[in-house]
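Visitor: Now for the letters of each chain:
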Amino acid sequence: MPRVLQPFEYLEPRSAAEATRILADYGTRAKAMAGGVDLLPRIRQRKICPEVIVSIQNIPGLDSIKEERGQLRIGALVTLHTAELDRLIKERYTALHEAVHHLASVQVKTMATLVGNLCVATPASDMAAALFVLGASLVVVSPDKERAIPIEQFFLKPGQTALQPGELVTEIVVPAPAPDSGSAFLKLVRTAADIAKVNAAVCLTVDGDACKEARIALGSVAPTTIRAPRAEAAIKGQKLTGDTIQAAARAAEAESRPITDVRSNADYRREMSGLLVGRAIKIAFQRARGQHE
Amino acid sequence: MSKQIVRLSVNGSNHELLLEPQMTLLQALRDELGLTGTKYGCGVCECGACTVLVDGKPVLACSILAISVRDKDILTIEGLAGNGNLHPIQQAFIDYGAIQCGFCTPGMILSSKALLDENPRPSRQEVKEWLAGNLCRCTGYVKIIEAVMAASETMVKGGSHGK
Ligand SMILES: Cc1cc2nc3c(=O)[nH]c(=O)nc-3n(C[C@H](O)[C@H](O)[C@H](O)COP(=O)(O)OP(=O)(O)OC[C@H]3O[C@@H](n4cnc5c(N)ncnc54)[C@H](O)[C@@H]3O)c2cc1C
Ligand code: FES
Ligand code: FES
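For the record, the sequence lines run as chains A and B.
Here the first sequence is numbered in this note's numbering, starting from 1 and rising by one per residue.
Here the second sequence is numbered in this note's numbering, starting from 1 and rising by one per residue.
If we strip away everything but chain B, and leave its shape as in the complex, we get:
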């Protein structure tokens, strides 16, 4: 099928890519732009490993066509730290031991960011519900939830230095 020029805005930089229409956002990020932080887990909207933010909303890059998000703001895990400082959510995941193999982590952190942007002081239950679409085979979730609660505290107190 015919390739088309697609402009993608990823982590604040614009890229012009020559893409076939069936290329997913996940492929464009990983294979074309070399941003391999976003993971390929199931490919069918079940696991959340491919979560990125499009215009601030969490979506699944495995099941979105790159061409359909041209000219929108895409944030991947690579774009979260600012000026060499980790985002408070990233720092909390480290401090609370919420990372084991790390495969789910980029998706977990971006889903958490979308939550805290929409609801800065979520309850534990709200964190659980919001992260239900991000599967983790390692941690058992407890430390992840603790990390998100802690990041919420830090960010409410004004410790946010990420984007």
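If we strip away everything but chain A, and leave its shape as in the complex, we get:
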């Protein structure tokens, strides 16, 4: 591995507006940097060679987690470590807490941001699976406008997001969990700090034994994180029993489109998609009922 990084210019804008102007001016020659956990190793490996690094680390106001009008707002500089310790996320947005908790090492968590994780657009993103079922969206600013992108429309293919040159994500917005709902995240890995062979997130709203609403997402089994609509349909409006959960698990297997790579093979990933979805449904169900009682 090369010991030195190729030269680049380094800029530290003091506002999101200034950052977007710089990013728009330089276009593909510039890269935004938050924690740098993904960006700097990529530069070291000579996979990318930006002329300008635009550090957003000194932009004020982007480092907080707050609840506003029932919505959770996570700024672009919130690190995984900060999110992991956040009580609100742990108590109410359980799938997100679990996704952060099981991710990487303490050092990576201290440096890396949630937004940076999403912008990398890896199909294995743990953040993405959890945020899919929690119905999150991203606030994106550019020199002349602001827009919201629902997370399900954010990923185009591995390594590619819907961001245009000059656009910066400033926040993740997560709606308040519905009453009588519960969520869970599960992940299968080779070793503790590794990225997923398969990950699954589930969010259920229940009415007694019945499932009123279901959102199920899978990661690492398709070019981007996916929802599993047929698995959701298998339990929505149904009593949650061994049989209906089994049907959802089988539907999830059929909806996964995995590949074989160094971490796992396609057949195993497909089978495990079903297994994780089944288990996550049971956990989310218990949590949703727990809240009800």
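Hints were generated in silico from the structure; no laboratory data involved.
Glycine included, each C-beta is placed from N, C-alpha and C at the ideal position.
Do not take every clue at face value.
[Unchecked claim] Derived DSBU-like pairs: lysine-lysine, alpha-carbon spacing no greater than 30 angstroms straight-line: (1) A:Lys282 x B:Lys128; (2) A:Lys31 x B:Lys3; (3) A:Lys90 x A:Lys47; (4) B:Lys128 x B:Lys157; (5) B:Lys72 x B:Lys128; (6) B:Lys72 x A:Lys66; (7) A:Lys157 x A:Lys47; (8) B:Lys157 x A:Lys47.
[Said to hold, decoys possible] Label-pair distances were calculated between CB atoms; the ranges are: (9) B:Gly82 x A:Thr260: 24 to 34 angstroms; (10) B:Leu18 x A:Ser15: 25 to 35 angstroms; (11) B:Lys157 x A:Arg279: 16 to 26 angstroms; (12) A:Glu67 x B:Asn119: 42 to 52 angstroms; (13) A:Ala266 x B:Lys157: 51 to 61 angstroms.
Chain A is already provided as a structure; the job is to place chain B with the ligands on it using the hints.
Guide: What follows is chain B with the ligands alone, placed relative to chain A:
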């Protein structure tokens, strides 16, 4: 690219360095300041050999730009012993045979320090989880975990004389 004057505060001393922006904190420590305790393992956030503490938090010096941590408090393994006394974690690593080749040791000790500062009485499981980002090819980890548990005891009893 243009060099800039960067002020780094390392182990309590201030240094003014003339650095190019692409210089990592690891290079600045090893090549500019001669602090070679911090190791270069993988260069890509995987091994933890380059772990240092910035404002008390464990980070990977291979993947941080020196310029981005100017004016922050950086602690490397060289700054841990105080007045010629080893820090209790360093002493425990020796007493428990937690060091073999030593390449992972500075990173292991600094990660452990960050843990014990945040959570003085961790369980074995918490120690394992916290050190998951520090790879060791020699010891098999058992003695390292024992050393951290022992250091926790010593420090809780008030035997901390490091920084
Ligand atoms: C050892 C290791 C293990 C890991 N394990 C996992 C895992 O198990 N699961 C998982 O999901 N991830 C895992 N990751 C990935 C890690 O979570 C991401 O690399 C990290 O979160 C990136 O965040 P960052 O702030 O460092 O981003 P940076 O490296 O700063 O940026 C990454 C990319 O996003 C862009 N970007 C950053 N912020 C913005 C913004 N606000 N607006 C627009 N673009 C932006 C940058 O231009 C760059 O292209 C692992 C990484 C490592 C090194
Ligand atoms: S050298 Fe920095 S993590 Fe391996
Ligand atoms: S003692 Fe050799 S790598 Fe840990």
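Visitor: Against the structure, test the hints numbered earlier, and report the numbers of the ones violated in rising order.
Guide: 3, 8, 9, 11, 12
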